[in-house]
Amino acid sequence: QKEVEQNSGPLSVPEGAIASLNCTYSDRGSQSFFWYRQYSGKSPELIMSIYSNGDKEDGRFTAQLNKASQYVSLLIRDSQPSDSATYLCAVTPVGGGFKTIFGAGTRLFVKA
Amino acid sequence: DAGVTQSPTHLIKTRGQQVTLRCSPKSGHDTVSWYQQALGQGPQFIFQYYEEEERQRGNFPDRFSGHQFPNYSSELNVNALLLGDSALYLCASSRHRGNEQFFGPGTRLTVL
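Those protein sequence lines, which keep their order, are chains A and B. When you line the first sequence up against our numbering, it's residues 12 to 123, in that order. When you line the second sequence up against our numbering, it's residues 630 to 741, in that order.
Same shape as in the complex, but just chain A (with noise of 0.2 Å):
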């Protein structure tokens, strides 16, 4: 079992729709989760990050988490063809002392 699992997509979703990205992890007793947007031929770049059960909104874009369910989602809303690109979870487990585990990544693609 991977310790971070993402669909790999592609996603598809039409433009203004909501984007639904997915993340399961391993370590029941990770603390702290993030989303990291990844467009082709750039480097990770940090959205969303969140600590506690329930929804965390940023603009477009809402963080969700369940640690019971070791779950943690991404919406985005209004979808924009600038949001295609791969998107990152990433998750510090507890046991893994200073270390984020990154997922494989969910490719999404917004058609205008």
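No lab work stands behind these hints, which were simulated from the structure alone. Here the structure is a predicted model, which means the values were calculated and not measured. Heads up, none of these hints are tricks.
Here are the computed lysine to aspartate or glutamate pairs in the DMTMM-like style, where the Cα-Cα straight-line distance is at most 25 Å:
id : chain 1 : residue 1 : chain 2 : residue 2
1  : A       : K53       : B       : D659
2  : A       : K53       : B       : E729
3  : A       : K67       : A       : E14
4  : B       : K655      : B       : E682
5  : A       : K53       : A       : D94
6  : A       : K53       : B       : D714
7  : A       : K13       : A       : D38
8  : A       : K67       : A       : D89
9  : A       : K110      : B       : D714
10 : A       : K110      : B       : D659
11 : B       : K642      : B       : E704
12 : A       : K110      : B       : E680
13 : A       : K110      : B       : E682
14 : A       : K53       : B       : E704
15 : A       : K110      : B       : E729
16 : A       : K110      : B       : D691
17 : B       : K655      : B       : E681
18 : B       : K642      : B       : D691
19 : A       : K78       : B       : E729
20 : A       : K67       : B       : E729
21 : B       : K655      : A       : D69
22 : A       : K13       : B       : D714
23 : A       : K110      : B       : E683
24 : B       : K655      : A       : E56
Simulated restraints on C-beta separations:
id : chain 1 : residue 1 : chain 2 : residue 2 : range
25 : A       : G52       : B       : F689      : 19 to 29 Å
26 : B       : A631      : A       : F109      : 21 to 31 Å
27 : A       : K67       : B       : A709      : 43 to 53 Å
28 : A       : F120      : B       : R651      : 28 to 38 Å
29 : B       : P699      : A       : S43       : 25 to 35 Å
30 : B       : A709      : A       : F109      : 22 to 32 Å
31 : A       : D66       : B       : L712      : 41 to 51 Å
32 : B       : G669      : A       : Q42       : 26 to 36 Å
Backbone N, C-alpha and C define an ideal beta-carbon position, used for all residues, glycine too.
On the provided structure of chain A, position chain B as indicated by the hints.
What follows is chain B alone, placed relative to chain A:
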């Protein structure tokens, strides 16, 4: 506010050679982590430096070594290069008590 910088942008080496990659952290950050990202994969943690010491290491051989300088900048050294070392090498900086990491633009290493 200067972000994370890395040099060089691209590098081509042959098997068996040695390479040094450089990173300057974001202003106000004192912790530097290095990651290797193969095509289609998420970043893999190599190691983290804080107070000029390696604080934690991922599953990488001793051919991978690093250093942090008093100004918080860092170097990643890879000896005896293998074809499989071809990847995007990412540097990320953070505050030592913070979890949010910010990535530099990366160095694309090609080993022939």
